[in-house]
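**Student:** Single-letter residue listing:
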Amino acid sequence: MYAISYDDQETLTEFAENQGVHFPLLSDIDSKVIRQFGILNEQVTRNDALLYGIPYPGVYITNEEGMVVAKFFHDSYKKRESPEFYIDAALGQLNLDENAPQVSGGDQDINLTIAVHGGNGTVRQGIVRHLVVRFELPEGLHIYSPPVPDGMIATQITIQGPEGFALMSPDLPATEKLTLPGVAELNVWHGTVDLVYPFFATGELASECRPLDVPSIDIKVTVRYQACTDRECLLPKTENFTLSLDLDVIDTPAIDLHKGHGQREGNYDGTSALKRLLGRKIKQNPLGLPIFLAKTMLLQMGALLRRLQQRN
Amino acid sequence: MVVERDHHGFDAPAPLGHPGRASLPEGHSTGPEIGERLPDFTLPSATGTPIDYHHDRAGRKSVVVFFRSAVW
Chain H
1 MYAISYDDQE TLTEFAENQG VHFPLLSDID SKVIRQFGIL NEQVTRNDAL
51 LYGIPYPGVY ITNEEGMVVA KFFHDSYKKR ESPEFYIDAA LGQLNLDENA
101 PQVSGGDQDI NLTIAVHGGN GTVRQGIVRH LVVRFELPEG LHIYSPPVPD
151 GMIATQITIQ GPEGFALMSP DLPATEKLTL PGVAELNVWH GTVDLVYPFF
201 ATGELASECR PLDVPSIDIK VTVRYQACTD RECLLPKTEN FTLSLDLDVI
251 DTPAIDLHKG HGQREGNYDG TSALKRLLGR KIKQNPLGLP IFLAKTMLLQ
301 MGALLRRLQQ RN
Chain X
1 MVVERDHHGF DAPAPLGHPG RASLPEGHST GPEIGERLPD FTLPSATGTP
51 IDYHHDRAGR KSVVVFFRSA VW
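Residue numbers (this note's numbering), protein chains in the order written: chain H, 1 to 312; chain X, 1 to 72.
Note that these hints are calculated values from the structure, not bench results. Ideal placement from N, C-alpha and C gives every residue a C-beta, glycine not left out. Take the hints with a grain of salt, since some may be wrong.
As the list claims (entries may be wrong) - Computed spacing ranges between beta-carbons, pair by pair:
(1) H:Asp-246 - X:Glu-36: 38 to 46 angstroms
(2) H:Leu-180 - X:Leu-16: 52 to 60 angstroms
(3) H:Glu-239 - X:Asp-40: 49 to 57 angstroms
(4) H:His-22 - X:His-55: 17 to 25 angstroms
(5) X:Glu-36 - H:Leu-172: 20 to 28 angstroms
(6) H:Leu-304 - X:Glu-36: 45 to 53 angstroms
(7) X:Leu-16 - H:Pro-211: 21 to 29 angstroms
(8) X:Asp-40 - H:Met-297: 40 to 48 angstroms
(9) X:Leu-16 - H:Asp-269: 24 to 32 angstroms
I would like the entire structure built from these sequences, with the hints used as guidance.
**Tutor:** Below, the structure written as structure tokens:
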């Protein structure tokens with residue numbers, strides 16, 4: 001594992017020691033490699049002082065040949081994967097957390113597990129977790145992916161959470177074709193089937209900037225399916241589950257800017273690093289800091305005006 | 001710092017339009033694609049040792065993280 005940022009070596013040394021980081025933190029002080037990868041945040045300019053040179057954050061997973069097998073970039077810097085997903089991508093398999101909430105269903109033939117994967121199943125703003133619907137089907141039985149002809153039941157998952165619980169597009173495994181001569185061509189899953197539903201919380205549910213309204217939430221999951229062999233079908237089943245998930249407490253305004261502003265874990269006090277970073281950027285563009293401060297002040301005023309308008 | 005909620009529904013302690021909140025625009029490159037080999041690069045580690053990425057990983061799988069900053 002390698003983690004690259006535009007920070008200086010001293011900062012990375014302090015950070016690694018303070019946070020117990022044992023993998024290499026690499027210092028791309030002039031953002032050369034960030035540019036080489038084509039992921040420099042060009043919306044941040046030289047006049048944005050200390051921010052200039054940051055990348056659009058993201059992660060690449062490679063195989064033994066150094067070829068990308070998965071990558072994770074999002075339309076918001078606030079959306080981030082749970083670290084477990086990097087391990088899954090590198091291993092090419094999903095290993096459910098033992099400590100995260102999960103419930104079981106099914107019957108003596110079919111095991112059905114509904115589990116939350118990532119971060120011990122806690123919920124926080126923007127951090128993506130996986131809700132996994134795992135079927136373990138015995139030899140000879142399969143379930144259907146839509147579409148199916150009239151009279152047959154495709155696997156259907158419904159997930160409901162409170163306001164601010166945001167579901168992303170599901171990640172479903174490839175199906176196999178099953179042809180019933182004269183009847184239909186069907187798409188089936190068999191063996192162990194993981195239907196993965198990524199989700200995260202928005203500020204409505206788990207803001208980083210105000211105390212939580214509730215300590216935990218309930219997610220209701222309905223699973224409808226029909227398992228069949230090549231010759232006959234079992235009765236269709238509908239099973240309902242409820243998972244209770246804890247919300248993570250993060251009170252950003254209570255965290256100083258130099259302690260990460262809630263953007264990262266831990267208590268690394270980056271005051272001296274911030275001074276060095278500012279010094280470095282001022283040397284490159286002496287007018288950058290005053291321009292940045294003036295711009296920030298104007299934006300703040302705009303925000304305050306919007307707040308006043310909303311109140312009226 | 002004033003707190004505002006963006007169009008994704010995320011709260012942050014910075015006003016809307018602040019460069020620190022600028023996110024990946026739609027259609028923007030996210031660098032090497034799946035199936036491509038990551039480029040060669042060498043960068044100093046925290047201790048100052050130059051790390052030649054492909055040489056250092058020595059034929060092993062890897063995770064390469066680009067993050068915004070350890071400072072703020």
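**Student:** Honestly, do H:His-22 and X:His-55 meet the 17 to 25 angstroms range at C-beta?
**Tutor:** At roughly 20 angstroms between Cβ atoms, X:His-55 and H:His-22 fall inside 17 to 25 angstroms, so the hint holds.
**Student:** Given the hint of 21 to 29 angstroms, check if X:Leu-16 and H:Pro-211 actually sit that far apart at their C-beta atoms.
**Tutor:** Taking Cβ atoms as reference, X:Leu-16 and H:Pro-211 lie about 22 angstroms apart, which means the hint holds.
**Student:** Confirm or reject the claim that X:Leu-16 and H:Asp-269 have a C-beta distance inside 24 to 32 angstroms.
**Tutor:** Holds, at about 29 angstroms.
**Student:** Against the range 52 to 60 angstroms, how does the distance between the Cβ atoms of H:Leu-180 and X:Leu-16 compare: consistent or not?
**Tutor:** With Cβ atoms ~55 angstroms apart, the hint holds.
**Student:** Is 38 to 46 angstroms respected by the C-beta to C-beta distance linking H:Asp-246 and X:Glu-36?
**Tutor:** Since H:Asp-246 and X:Glu-36 have Cβ atoms about 39 angstroms apart, the given range 38 to 46 angstroms holds.
**Student:** Quick check: does the Cβ-Cβ distance between H:Leu-304 and X:Glu-36 fall within 45 to 53 angstroms?
**Tutor:** holds (46 angstroms)
**Student:** Is 20 to 28 angstroms a correct range for the gap between the Cβ atoms of X:Glu-36 and H:Leu-172?
**Tutor:** Since X:Glu-36 and H:Leu-172 have Cβ atoms about 25 angstroms apart, the given range 20 to 28 angstroms holds.
**Student:** I want to verify a distance hint. Is the separation of the beta carbons of H:Glu-239 and X:Asp-40 within 49 to 57 angstroms?
**Tutor:** Given a distance of about 52 angstroms, which is inside 49 to 57 angstroms, the answer is holds.
**Student:** Between the beta carbons of X:Asp-40 and H:Met-297, is the distance compatible with 40 to 48 angstroms?
**Tutor:** holds (43 angstroms)
In terms of the numbered hints stated before, the structure departs from none.
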